[in-house]
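Q: Okay, here's what each chain looks like letter by letter:
There are 2 protein chains.
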Amino acid sequence: MTERPSLDQDQFLTVLSREEAVARFVAALQPKPLGLEIAALSDLVGRVLGRDIAAPVDTPPFDRSVVDGFAVSAADVAQASEAAPVMLALNGETIACGTLPRLALAAGTATPIATGGPIPRGADAVVMVEHTNLAADGRLVVSRAVAPGQNIAFAGSDIARGETLLRAGTVIGAREIGMLAAVGLAEVEVWRKPHVAVISTGDELVAPGQPLRPAAIYDSNGPIVAAALQENGCDPIRFGAIADDAALLEATMREAHATCDAVILSGGTSKGAGDLTYRIVGSLGAPGIVAHGVALKPGKPLCLAVCEGKPVVILPGFPTSAMFTFHDIVAPVLRTLAGHPERAEVTLTARVPVRVPSDLGRTEFVMVALAETASGRVAYPIGKGSGSVTAFSQADGFVTIDALSEAMPADTEAEVTLFTPHLTVPDLVIMGSHCVGLDAVIARLGAHSLTARSLSLGSLGGLAALRRGECDLAPIHVLDPATGTYNRPLLSPGMDLIPGWRRMQGLVHRLDDRRFAGAVDVPTAVATALADPACLMVNRNQGAGTRILIDQLLAGAKPPGYWNQPRSHNAVAAAVAQGRADWGIAIKPVADANGLGFLPLGPEHYDFAVSAAPRAPAAIDAFRKAIAEAADALKALGFIPASEAP
Amino acid sequence: MTERPSLDQDQFLTVLSREEAVARFVAALQPKPLGLEIAALSDLVGRVLGRDIAAPVDTPPFDRSVVDGFAVSAADVAQASEAAPVMLALNGETIACGTLPRLALAAGTATPIATGGPIPRGADAVVMVEHTNLAADGRLVVSRAVAPGQNIAFAGSDIARGETLLRAGTVIGAREIGMLAAVGLAEVEVWRKPHVAVISTGDELVAPGQPLRPAAIYDSNGPIVAAALQENGCDPIRFGAIADDAALLEATMREAHATCDAVILSGGTSKGAGDLTYRIVGSLGAPGIVAHGVALKPGKPLCLAVCEGKPVVILPGFPTSAMFTFHDIVAPVLRTLAGHPERAEVTLTARVPVRVPSDLGRTEFVMVALAETASGRVAYPIGKGSGSVTAFSQADGFVTIDALSEAMPADTEAEVTLFTPHLTVPDLVIMGSHCVGLDAVIARLGAHSLTARSLSLGSLGGLAALRRGECDLAPIHVLDPATGTYNRPLLSPGMDLIPGWRRMQGLVHRLDDRRFAGAVDVPTAVATALADPACLMVNRNQGAGTRILIDQLLAGAKPPGYWNQPRSHNAVAAAVAQGRADWGIAIKPVADANGLGFLPLGPEHYDFAVSAAPRAPAAIDAFRKAIAEAADALKALGFIPASEAP
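In order, the protein sequences belong to chains A and B.
Residue numbers for the first sequence, in full-length UniProt numbering: 1 to 646.
Residue numbers for the second sequence, in full-length UniProt numbering: 1 to 646.
Just so you know, these hints were derived from the structure itself, not from any lab.
Treat each hint with caution, since some may be false.
Put simply, identical chains are the same to the list, so a pair is met inside one copy or across any two.
[Said to hold, decoys possible] Restricting the straight-line Cα-Cα distance to at most 20 Å, the calculated cross-link-like pairs of lysine to any residue (SDA-like) are: (1) 300 x 128; (2) 297 x 100; (3) 558 x 619; (4) 300 x 354; (5) 32 x 449; (6) 300 x 130; (7) 558 x 542; (8) 625 x 443.
No experiment lies behind these values; they were computed from the predicted model shown.
Let's have the full structure, built from the sequences with the hints guiding it.
A: This is the structure in structure tokens:
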């Protein structure tokens, strides 16, 4: 009998509600700011003030002129006008900025004063230079009356000495720095930034920049968590990605716990490593683990611990799960340690056009992309799964489905929490099948001052979205078996087709696979493959144009591997290159990128379905132009622009 | 004859419209990003991507399991159910994360696989561990069917090799860092940050942290501009505050221009220094000054130059003017040099309850504070003048009045541009006369989980705002001459008074002023002062309670200085301390802070007018409690809580 793997750990979790998990974590930690430190004015942007600041001086520190002109006694010029100007003797000094007046102002006199100059004793107003002239006898001619106090900023009128200037807890920006500088403070007490250890664990992790071993993946959680810590007022201390070596992991975790204010682990995706990590966390100090398993989706495996007064958190291994749990549960606590105010969430309302199923009993976060459509603002769920990291960048925010709901019904007007407060709505929304050629076209939209967002929904998903008015363009490549033509037969009434490009499809195999050495074309290669029961194929998903071609080639046969049905050319090429399959049908650029042999079969048509009465006709025109402008780039990628196709 | 001061420079300006000034600046500079540099993943937060990034690998790089369970051939378990489970033989390996499968999966078998493990050859689905059991004979019991592809993430399904992952111009945050890490990129090309020289000029400037000379002020523009540069993607290079020394200033400006990508000067408030600066800018290279004088309020003296391809800007000296012109005119150009996207402004609509006069022919920015009132959201203009730096912190944003308007009429529904995207509406809005004692009370509101904003409008301004429902509390200290009592006679029907505290008022004089040496009380001191025509008083503004007392004391006399009428106790004390006047009436804590002699006159009552039917009764109750809790702090400040007053 083989060794039974340790795979059932989830069964031992006591899954807590989100609220209960947070309550236990907070009760065990009692989070509060860690302490104060002195920071200089030049290092304050983004820091949080630790104490109320009272102004140590009046600002301005003296009564000063706010114009260029002449200090006077207002009573002297109370009757002055253009018709009846008043003559004043000029005093023998000019009050510039930064110079103290030497002479008191006597009745019937005026003293030249610059903006910012201190008002001399005896003056109670300033006449603007524009309302004066110099007489031939050297006296000043004042042609406009001024009221007492006019054009004077009195001492303390901006900030009075003793007044509270800024309050503890204020996040410091340029405005606050100006206030501190104005009262002469060169440094202030701010909350110390928590030093937070970031540890990734798992044999499968490779640091970015290193070559990727077979079966390994790059450590993305470490860099994401480090960046998210920076965005939440903490200093990340990177301990790198640690393999599943008990001694090394324990030594690293002990050092991190001893030297940092908090420890964040992310468990790779390996449960074996997880077991080890949980055991070590349990040994770092009381009270230890307070929650392991939280009714969140994504994020159920989250583990929260407090060891000797410091938070120790094990985030789920999948990036999306890690980030949602970090932001929802961990960041608020770390912000408190950092003295940062609660994160101000920006939300808006949008219609979710499709039904979103949800697990009863778990609070579920669903990422959405926003689009302004003919039918209003729409939030489109991005269903890439918690293993995805691209979902985050395509999403504008997320909707939350209550633990008591089994689904969010289609057309719900949902509250969307934005990832960043500034929502940039793209000019063109593109939903359908993705192609690297599309990237080349989108890259040229910038020259037309247009932005686009592309979401991969597959050809049929894109057509459905276009039909509902949720996107502007649907890139498709669907073969109609009845007519043997691509794309056009799929259009609904009221849709047009913008020609795109052709992508040469063919049979891919490893170059060192002797079985295909003699195959001169696809039919001979397929015959060879079918003759060998050890020869595994990789298929494509139902609905793909390529799948229809494959079924035609197989003529009813269902050889081994037939049920292996990935959704993309890239997955087919990867399966063959990595030996999980021996042949499949994919496009030539992808075969080339994977170093595979390629027997051409025929061109797939990649075109764009569009409404005949589009929401933004000028943007659609620009998109047509961008396709034409991208012709050379498309050819360099191995595609044939439709305009140049036979 | 005295030397005529050089004060008329504004008359030589050719004032351009805002649009014309921007157009000339942009035409002369042709701003574009400065260049690319390589930055490591850990240094990317807030940087701007310089090139489109195509994924160099598929993510995931192989077909992987998204659950803990058993890799199978879906066809084998197509009929499995609780009632009719399917038995499979277990293969002799467990596929952990990071380990390459050694064995191909044959029909009728299953291989244990962990979440993230690579799918073995021959498998096309994964059964979750929860849907399996181990039979006594060591075989796997599968009690749930799986579809082909189920629980598998196919290679490239998240990011396909060659796909554009991120586009040039993207501002990088945690999400983007995760994507770059996931495809193994340890560094990327970002736009280089412009190095921008920051120079303050003026004899009157003192660096924060240094003692303040008489007639000098602290340099706040230097620190504000440096921080605003950081907030706009630039690296500030501080050249400090330079006195009006032609040789030093020219050397500094030449070095700044030679070594930095841009130069920002702020001219103190001195026009003499200004003349010098303009001349030097003119000599730094072609084309030189392109706009000098822009029809903006505040901000008219703004000077824009381009010298040998680098922007050189002279900001107005007053902090508010400097910041509005920086953000409106200069920041957009610097953001382009930094490769940063246009700043996304967040705006909202609010009613401006009062008429705001505006200069015809100048685009005017008026700072406003927002409040949620009984009559909806109100934007209250903060009329502190361009010399103010506190206005910035009390304001939530600003309204813009068109150059063609002479005023914004009262009750305009205006668009408010927010300074920060997150608007925090305070629980209590306090408008009226300010007192450092009020700061002590507000400091205690935090313990009641309340926030407050206090705006200084004077007692009568506060009462008017309360009458209009624009604030919750109006702190007032107004003597009714008819009854000789404070505050209560001023209330309108429907207002109540919350008792505050008493502030001892008295006559202040310099301790070394021999004339007051023999004065035993205020009447004898006033008699002494009136007897000496060289003895200058400082009065208070009309409407102040203290003014009524002063007029009673003077009994109709109007001695020298009577028309010098500042609006605060602090200004009175500063005028006496700095020798601009010899006596005045102020409160004792302010006299003490300024080191002045004090002859007590009588207590001023500082109380809070409030609506009898307040918008937020619980917050008002908390405020009453906070006054009681602040009793000791008030006494330490020299005040007498009303509850302890005779």
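Q: Look at each hint and say if it fits the structure.
A: Hints and how they fare:
1. Taking identical chains as interchangeable, the C-alpha atoms of residue 300 and residue 128 lie at most 20 Å apart only when they sit on different chains, with a minimum of 16 Å there against 71 Å within one chain.
2. In this assembly of identical chains, the alpha carbons of residue 297 and residue 100 never lie at most 20 Å apart, being 69 Å within a copy and 29 Å across copies at closest.
3. With identical chains, the CA atoms of residue 558 and residue 619 are never at most 20 Å apart, being 46 Å at best within one copy and 74 Å at best between copies.
4. With identical chains, the CA atoms of residue 300 and residue 354 are never at most 20 Å apart, being 25 Å at best within one copy and 54 Å at best between copies.
5. Taking the shortest Cα distances, residue 32 and residue 449 sit within 20 Å of each other only across copies (15 Å), while inside one copy they are farther apart (48 Å).
6. Only between protomers do residue 300 and residue 130 lie at most 20 Å apart by alpha-carbon distance; the minimum there is 15 Å, versus 73 Å within a single protomer.
7. Proximity of residue 558 and residue 542 under a CA criterion of 20 Å is satisfied intra-copy only: 14 Å inside one chain copy versus 98 Å between copies.
8. When the C-alpha separation of residue 625 and residue 443 is checked against a cutoff of 20 Å, the pair qualifies only within one copy, where the shortest distance is 12 Å, while the shortest distance between copies is 62 Å.
Going through the hint list in order, the structure does not satisfy hints 2, 3, 4.
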